[in-house]
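Chains as they are written, first to last, in our numbering: chain A, 1 to 537; chain B, 1001 to 1095; chain C, 2001 to 2206; chain D, 3001 to 3314.
One or more of the hints may lead you astray.
Stated by the list, open to error - Rough simulated footprint, nothing fancy, chain B against chain C, three-plus residues with beta-carbon under 8 Å:
| # | stretch |
| --- | --- |
| 1 | 2097 to 2108 |
| 2 | 2135 to 2143 |
Unchecked claim - The calculated lysine-lysine pairs, modelled on DSS-like cross-linking and capped at a C-alpha distance of 30 Å, are:
| # | chain 1 | residue 1 | chain 2 | residue 2 |
| --- | --- | --- | --- | --- |
| 3 | A | LYS346 | D | LYS3048 |
| 4 | A | LYS508 | D | LYS3060 |
| 5 | A | LYS21 | A | LYS110 |
| 6 | B | LYS1068 | C | LYS2087 |
| 7 | A | LYS156 | C | LYS2117 |
| 8 | B | LYS1068 | A | LYS110 |
| 9 | B | LYS1071 | A | LYS288 |
| 10 | D | LYS3051 | A | LYS288 |
| 11 | D | LYS3155 | A | LYS288 |
| 12 | C | LYS2019 | A | LYS110 |
| 13 | D | LYS3155 | D | LYS3051 |
| 14 | C | LYS2089 | B | LYS1064 |
| 15 | D | LYS3048 | D | LYS3123 |
| 16 | D | LYS3048 | A | LYS508 |
| 17 | C | LYS2019 | B | LYS1071 |
| 18 | D | LYS3294 | D | LYS3310 |
| 19 | B | LYS1064 | C | LYS2019 |
| 20 | D | LYS3098 | A | LYS156 |
| 21 | B | LYS1071 | A | LYS110 |
| 22 | A | LYS156 | D | LYS3283 |
| 23 | D | LYS3198 | D | LYS3123 |
| 24 | D | LYS3189 | A | LYS66 |
| 25 | D | LYS3238 | A | LYS58 |
| 26 | A | LYS116 | B | LYS1068 |
| 27 | D | LYS3155 | A | LYS156 |
| 28 | A | LYS156 | D | LYS3259 |
| 29 | D | LYS3283 | A | LYS66 |
| 30 | A | LYS17 | A | LYS116 |
| 31 | A | LYS494 | A | LYS19 |
| 32 | C | LYS2019 | B | LYS1068 |
| 33 | D | LYS3051 | A | LYS508 |
| 34 | A | LYS502 | D | LYS3051 |
| 35 | D | LYS3294 | D | LYS3156 |
Unchecked claim - Here are some chain A residues the structure puts well away from chain B; computed CB gaps all over 10 Å:
| # | residue |
| --- | --- |
| 36 | PHE47 |
| 37 | ARG463 |
| 38 | ARG491 |
FYI, nobody ran anything at the bench for these hints, they're computed from the structure.
All figures in this text were calculated on a predicted structure; none of them were measured in a lab.
Positions of the beta carbon are idealized from the N, C-alpha and C atoms, including for glycine.
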Amino acid sequence: MSNQETETTHVSFRDVKSKYKGIFAWIFSTDHKRVGLLYLYSIVSFFVVGVLLGAAMKLELMSPGKTIMDPQAYNAIFTLHGVIMIFLVVVPGLPAVFGNFFLPIMIGAKDVAFPKLNLLSWWVYVVGALVALSALFAGGGPPDTGWTFYAPYSFKTNTNMLPAVLGAFILGFSSILTGINFIVTIHRLRAPGMSWFRLPLFPWTLYGTAWIQILATPIVGITLLMIVGERLFNIGFFDPALGGDPILYQHLFWIYSHPAVYIMILPAMGVISEIIPTFANKSIFGYKAIVISTLAIAFVGYFVWGHHMFTSGMSGTALYTFSFLTFLVAIPSAIKVFNWVGTLHKASIQLEAPFFWAASFLFVFMIGGLSGLALGALATNVHLHDTAFVVAHFHFIVFGGVGFAFMGAIHYWFPKMWGRMYNTRVATTGWIFFFIGFNTLYLPMFFLGIDGMPRRYYDYVERFHGPNIVSTIGSWVMIAGIIIILVNLIRGAKYGPITTNKNPWGGKTLEWEVDSPPTLENFEEIPVIDRSPYDYR
Amino acid sequence: MENNNESHIVPYKTYGIILSVLIVLTLISVAVTRIELASLTVFVAILLAAVKSSFVLIYFMHLKFDNKLLKALVAAVFILIALVMVVTFLDYNYR
Amino acid sequence: MNQTMTLSHDLHRDDEASKIGMWLFIFTELLLFAGLFIVYGVYRYLNPVAFHLAAEELSVTVGTYNTIILLVSSATMAMASTAIRLKNKGMTLLLLGITLFIAFMFMVNKFFEWKGKFGHGIFPGSDDLLRLGHGDTLFFGLYFFMTGLHALHIIVGFVLITIVAVRVNNNTLTADNPVLLDNSGLYWHLVDLIWIFLFPLFYLIT
Amino acid sequence: MIDKAQNASTFVSEVDSAFLFIFGVALFFLFAITAVLIYYIIRYRQSKNPKATHIEGSTKLEIIWTVVPTILVLVMFSYGWSGWKSQTEIPDDAMPVKAIARMWSFAFEYENGLVTDTLIVPKGRAVKLDLVAQDVIHSMYIPAFRVKQDMVPGKKSNIWFESERIGTYEIFCAEYCGLRHSYMMSGVKVIEGAKFDKWMEENKSIEEANKGTNKRLAGVSVLRKYGCNACHTIDGSKLVGPSYKGVLGSTRTVITDGKEREVFGDEAYIRRSIYEPNADVVKGYDQGLMLSYKDQVTEEELQHLIEYFKSLSE
Ligand code: HEA
Ligand code: HEA
Ligand code: CUA
Ligand SMILES: [Cu+2]
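Full structure from sequences and hints, please.
Below you can see the structure in the form of C-alpha cells.
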C-alpha cells in the first residue's frame, strides 16, 4: 500500500526507513507519532504568529490615540489573532498533538483506528489554514469582524470575509476527523484488560472532547456555509433587511463555539490529571469523580451557549435558563480542582518544571473560572459583557488553562518524544518569567472591564490609561519567558543529553513502559492490563 | 475482534415489506396534509416523518441487529438535536 | 530482523470499527442538517403565513414522486447488502444499478424543479423574490439551500455507489469484505432520512 | 475612575451587591485553595516527605465539595437574576426617548421631536430608551448605570433607568461595529427635573431649536444631530468619509457604477451625497459605509448644511 516502512526492533519512529525521502517521509507518514509532531510544528508556528499579533495589540493599547497602527489595522489584527488562536491553535492543540502522539500508546495500541484518516486530518488542517490566511493577501484586506463573524456586520464589511470563513469551515472537518478517529480508537483498540475504568484520564478527556468535536462542529460548519451563501447569493438568512434575524446567527455560532471552549479545556484537564499523580508519586484522588465530571462538562456544556448573548435581547426565559445551566457547568470544574489539590495531600512531590506548570495551571484556571462566575450571573454580566473583563476571563482560562497545560505537557513528555532532555534549570526560569508576565499582562484587564472599558477598542478614554500600561509591560515579560522556553526546548531536542531511563519521572501509565522515543508500532507485544492507571502502591 | 457481518442476513422480503410500509406512510402524510387540520397538520406531518425515519433507521440501517451501544448512541444524538431545538425555542417562544 | 511491513495491514482489519466510524460521520451529518432545521423552525415560527403561502408554490406531485423513488432506492441499496452476503454478484450489481438509476432520476427531477423556479424568477437574491416579502425570501432561500445541500449529498452518494459497483464487478468487494458496501448503504439511507424530513417541511405543510 | 456612586442609577446598589457576593466567594476560594496548594507543596515536597501515602479518594469529601459549590452557585444565580429582573420591569410612567445608533454615533430623539447627540435626562425620573439600530448591531452601554443592551437592526428593544445624581456619565458602544467602534461614544447628562422641563420647553421642536441661531451654528447642530462628525472632518483630514472642507466649489473624482468620472461640488452634489450616498463615491473611499438620510435630513436642514459648507470653503 501507500506507506512502506521498514522496521527493525528498537528503532525509534523517527529513524524508521520509509519509501519517501526527507520531509516527505513525514508529511506522507500515517504513523500517529509523526502526525502528532507534524501538528506540533504547524501549531507552534501559528501560535508564534498569533502571539506576535497579540503583542502588537498591546503596543497599540499602551497609550490612548494612535500608537503604532490605525484602527483598520487594529480591527484586522484582533480578528486574525482570535481566528488563529481559536481555530488554528487551541481547538486542535492538545488533542491533535499530544492526543495523536500518546492516545494509542496510553491505551496500549499500535496506532489509531484509522491511520490514513489521521494523516488526512492534518492535510485538511493545513489546507484550511492556508485558505484562511489567504484572506490576508487577496484584495479587500484582511477581515475585520472579530473571530465571532457577527451578522450583519460580516456581510456589510468590504474586507475578505469569504476566505476566512471558508478556512474555518475546512478546519472544522479536520477537527471532526480527529474526533471520529479518537472515539473509534478508544472503543476498539484498548489493550486487553483495560476496562473503561482503567483508562487513564488523558484518554478519557480526549474521549469527551471527541464527542463534542463531532457533535458541535457541524453546526458552525453549516452556519459559516450560510454566511458564504448569504454573501454570494444574498439569501438573507441573517440580514434584517431581508427578514433574517441576526440573533439567530449568534445562537448558531455559540451552539458550536461554547462547546468549543470545552474542546479546548477538557484535554488540558486531562494533561493536568496525568502530571499531578506522576509528580506527587501518588494515585490520583477521586479517579471516578474526575471521569464523571469530564462527561458532565461535555454534556451540560452543550446547553449553555446563550450566556454569550445575555444582552442581545433574548427572551427572559432563555436568559435565566442559560444563566442557570452556566452555573451548573461550573460545578464539575470545581470538583476537578478539589480532587487535584486533594491528590497532593500526603504526597511526595518532585519539584520539576512540569509540576510547576501544573500547579500554576491550577492558579490561573481558578482565576479564569471564578471570573466566569461573575459573567454567568445575569445582573453582573450585563455590566461586564463585551468589556475587557471578558477578555481577561478568556485569556486566563484559554491561554492560562490550555497554554499552561500545553507547556506542562511538552515538558512532561519531552524525554519520551525526543529521547533527549532539556535543561531543567532554564525550564524553571522560563516558567517564572512566563508566570509573572502572564499575570501582569491580564490581571489589569479585569479592573479595566469592571471600570467599563469595552473590548475590541482601538482607542480609549484617558482614565483607562494606567492599567493598560501595566498590561503592556507584562506582555514584554512574557516575551522574555516564551523566548527562554522555546530556545531551551529547541536546544534540548537537538543537543540535549540522551535519556537512558525510559521512565525519568516515575509515571505509571503505559507510555512510560515503551522506548524513548517509541518504536514505529510502540509495543512489541500488546500489554495486558491488570491494574488502575495510577497505581503507585 | 469479532466480525459479525455474517450474523444477520436480512431477507429481501423484509426490505420489501418495509418499503411498502414507507410508501403507504408517505401517501398517508400527503393525504392528511391535504385536509385542513390547521396547526395539527404540522404536528401530524412531522410525526409521520419521524415514524418513517425510525423504520429507515431500524431496518434499512440495521440498527435492529446492532449492539446496544450503537442503538443508545443513535437515540442520544436524536435526543440531543431535540434538546437543542427546545432550548433555542426558549428564546423565540417567549420573546 | 529486517522486515518490511505496512502499517495498516498489520492493524488487524476491524469491520466493527469501520461501521462505528461511519455512524459517527453520519452523526456529524445529522447535526449539520439539524442546524438548518433550527433555522427553518425559527423562521417558520416568525413568518407562519408567508411560509404557508410560499409552500403552495411547490408541486406536491413532484415532491411525492421524488420521495417514493428515493425510498425505493434506499430499499434496493439495503437489499444489495443482502445480495452480496448471499454471494450473488449479479443481483448485487443489479440492485446497485437500480439505486444509481434512481439517484440519477432524482437529480433530473430536481433539475427541472429548480429550472422551473428560476424560470419564474424565483432564485436566491432575485428581484422577484425580494418583492414578494421577507417570509418568501427566507422560505425560498432555505428551500434552495437545503435541497441544494441535499442534492450535493445525492451526488456524493452516487459517486460512492459507483465505486462500490466497480469494485463488486472486479471482485475486490465480496462477501468477505462487504464493509464498503454497507457503509455506502448507511450513507445512502442518511440521504433518504434527511429527505423524509425535507419533504413534509417544504412541500406538505401548507 | 468610573462613577462608583450608588445612586448614579437605581440599579447600582443591587448589581454591586451581586458583584460583591460573587467576587467575595471567588476570592475566598482562590486564596484558600492557593494557600492549601502552596502549603502542600512545601510540606510534602520529596526532600521532606520521601514516601507518599496511598489514598484512592473519599466519597464523603466528594459529596461535600459537590454540594457546597452547588449551593453557592445557586445563590449567585439568584442574586444575578433578581438584580437583572428589576432592569426589565419598566415603570409605566417612564419618559420614552428614542435612541438611534448607526455607524458610528448615537442620537436621541425626545417625544417632542427634539434630537440631540448627548442624552439629557431629569434627575429622579424613570427614563425608557427605545433602542433602534440602523445598520449593524451596536450596544448601548452606560457603565455608571450598570446597564447595557444590544441595539439590533430590525428588532425593537428597550432599557430603562432612573438616576438620582446630577452629573455626566459616559455612554459607550459595546458591540463591535466596524472601523470606528472605539470612537462611538456619547454621554448622559443628568440635570435637575425643573431645569430639564425648562429645557424641553425652550426646545419644543427641531425647527424652533434651529431658529434664531445664526446660520453657521444651525449647520453645526445638524451635523451633530445626525452624528456626521463620526466619519467626516471639517479640517480637510481624511476619516471614513471625505472632509467637508472645500467640498463646495471644487472638482472631485468619483466612482459611479464602477466607472470614474469628474463632478463639480455644487448644491445638487451635496444633496445627492446625503440622499443617495452610494451613487457617487469619492475615489479612495469605500462604498456602502454611509446610509441614505433621505427620510431624515429635511430640506431646511439641508440648506443649513450648505450655508455651513460654504463658510468652510471660504
Ligand atoms: C477554555 C475555554 C473556556 C472555559 C473552560 C470557560 C469556562 C467558563 N466560562 Fe468562559 N469564555 C471563553 C472560554 C472559556 N470559558 C471564551 C473564549 C469567551 C469569550 C468569547 C468571545 O466573546 O470572544 C468566554 C466567555 C464567557 C462568557 C460570556 C461573557 C460575555 O461575553 O458576556 C461567560 C458567561 O457566562 C462565561 C462563563 C464561563 C463559566 C461559568 C465557565 C466555567 O466552566 C468555569 C468553571 C471553573 C471554575 C468555577 C473554577 C474552579 C473551581 C473552583 C476554584 C472551586 C470553587 C468554585 C465554586 C464555588 C463554584 N465565559
Ligand atoms: C489561545 C488563545 C489566545 C492566546 C494564547 C492569546 C494571547 C494573547 N492575546 Fe489574545 N485573544 C484571543 C485568544 C488568545 N490570545 C481571542 C479569541 C481574542 C478575541 C478576538 C476577538 O475579539 O475577536 C483575543 C483578543 C485579544 C485582545 C483584545 C482585543 C480587543 O478586544 O481590543 C488583546 C488585547 O490586548 C489580546 C492580547 C493578547 C496577548 C498580548 C497575548 C499574548 O499571549 C501574547 C504574549 C506573548 C508574547 C508577547 C510573546 C511574543 C513571542 C515571541 C516574540 C516569540 C518568539 C519566538 C521565537 C523565539 C520562535 N488578545
Ligand atoms: Cu457601534 Cu460599536
Ligand atoms: Cu461560553
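Going through the hints against the structure:
Against chain B, the stretch 2097 to 2108 of chain C contributes 0 residues with a C-beta closer than 8 Å to a partner C-beta. That does not satisfy the three-residue criterion, and the hint is violated. A stretch counts as covered by a chain when three or more of its residues have a beta carbon under 8 Å from one of that chain; for the stretch 2135 to 2143 of chain C and chain B the count is 0, and the coverage is violated. The hinted pair formed by A:LYS346 and D:LYS3048 meets the criterion: a straight-line CA distance of about 11 Å does not exceed 30 Å. The suggested pairing of A:LYS508 with D:LYS3060 holds, with an alpha-carbon distance near 27 Å, which does not exceed 30 Å.
A hinted pair counts as satisfied when its Cα atoms are at most 30 Å apart, and A:LYS21 with A:LYS110 qualifies at roughly 23 Å. For the proposed pair B:LYS1068 and C:LYS2087, the alpha carbon gap of about 28 Å is at most 30 Å, so the pair holds. Between A:LYS156 and C:LYS2117, the direct Cα distance comes to roughly 28 Å. Compliance with the 30 Å bound is thereby established for this hinted pair. With a C-alpha separation of about 27 Å, the suggested pairing of B:LYS1068 with A:LYS110 holds against the 30 Å cut-off.
Taken as a hint, the B:LYS1071 and A:LYS288 pair is honoured in the structure, with Cα atoms around 25 Å apart against an allowance of 30 Å. As the CA atoms of D:LYS3051 and A:LYS288 are separated by approximately 24 Å, the hinted pair is consistent with the 30 Å bound. In summary, the hint linking D:LYS3155 to A:LYS288 is not supported, as the alpha carbons are separated by about 48 Å, beyond the 30 Å threshold. Distance hint between C:LYS2019 and A:LYS110 is fulfilled; the C-alpha atoms sit about 20 Å from each other, no more than 30 Å.
The suggested pairing of D:LYS3155 with D:LYS3051 is violated, with an alpha-carbon distance near 66 Å, which exceeds 30 Å. Taken as a hint, the C:LYS2089 and B:LYS1064 pair is honoured in the structure, with Cα atoms around 25 Å apart against an allowance of 30 Å. The suggested pairing of D:LYS3048 with D:LYS3123 is violated, with an alpha-carbon distance near 66 Å, which exceeds 30 Å. Of the supplied pair hints, the one linking D:LYS3048 and A:LYS508 holds, its CA atoms being roughly 22 Å apart against a limit of 30 Å.
As the CA atoms of C:LYS2019 and B:LYS1071 are separated by approximately 13 Å, the hinted pair is consistent with the 30 Å bound. Taking the CA atoms of D:LYS3294 and D:LYS3310, the gap is about 22 Å. The hint holds against a cut of 30 Å. About 14 Å separates the Cα atoms of B:LYS1064 and C:LYS2019, which keeps this hinted pair within 30 Å; it holds. With a C-alpha separation of about 25 Å, the suggested pair D:LYS3098 and A:LYS156 falls inside the 30 Å cut-off, and the hint holds.
At roughly 29 Å between alpha-carbon atoms, B:LYS1071 and A:LYS110 fall within 30 Å of each other, so this suggested pair holds. Pair hint A:LYS156 plus D:LYS3283 holds up; C-alpha atoms about 19 Å apart against a cutoff of 30 Å. The hinted pair formed by D:LYS3198 and D:LYS3123 meets the criterion: a straight-line CA distance of about 13 Å does not exceed 30 Å. Only pairs whose Cα atoms come within 30 Å are accepted, and D:LYS3189 paired with A:LYS66 is accepted, the gap being roughly 28 Å.
With a CA separation close to 26 Å, the supplied pair D:LYS3238 and A:LYS58 stays within the 30 Å bound. The straight-line distance between the Cα atoms of A:LYS116 and B:LYS1068 is roughly 29 Å, inside the 30 Å bound, and the hint therefore holds. Restraint check: the Cα-Cα separation between D:LYS3155 and A:LYS156 comes to about 18 Å, which is no more than 30 Å; the hinted pair holds. For the hint linking A:LYS156 to D:LYS3259, the alpha-carbon distance of about 22 Å falls within 30 Å, and the restraint holds.
As the CA atoms of D:LYS3283 and A:LYS66 are separated by approximately 25 Å, the hinted pair is consistent with the 30 Å bound. Under the criterion of a C-alpha separation no larger than 30 Å, the hint pairing A:LYS17 with A:LYS116 is consistent with the structure, at around 18 Å. Proposed proximity of A:LYS494 and A:LYS19 is supported: the alpha carbons are some 25 Å apart, at most 30 Å. At most 30 Å may separate the alpha-carbon atoms for a hinted pair to count; C:LYS2019 and B:LYS1068 meet this at roughly 14 Å.
Note on D:LYS3051 and A:LYS508: the hinted pairing holds, with a Cα-Cα distance of about 16 Å set against a maximum of 30 Å. Between the alpha carbons of A:LYS502 and D:LYS3051 the distance comes to roughly 22 Å, so the proposed pair stays at or under 30 Å and holds. Straight-line distance between C-alpha atoms of D:LYS3294 and D:LYS3156 comes to about 22 Å, which keeps the hinted pair within the 30 Å bound. Residue-level check passed: A:PHE47 sits 32 Å from the nearest beta carbon of chain B, beyond 10 Å.
With a closest Cβ-Cβ approach of about 36 Å to chain B, A:ARG463 is found to remain outside the 10 Å limit, as its non-interface label requires. With a minimum CB-CB distance of about 44 Å to chain B, A:ARG491 clears the 10 Å threshold, and the non-interface call stands.
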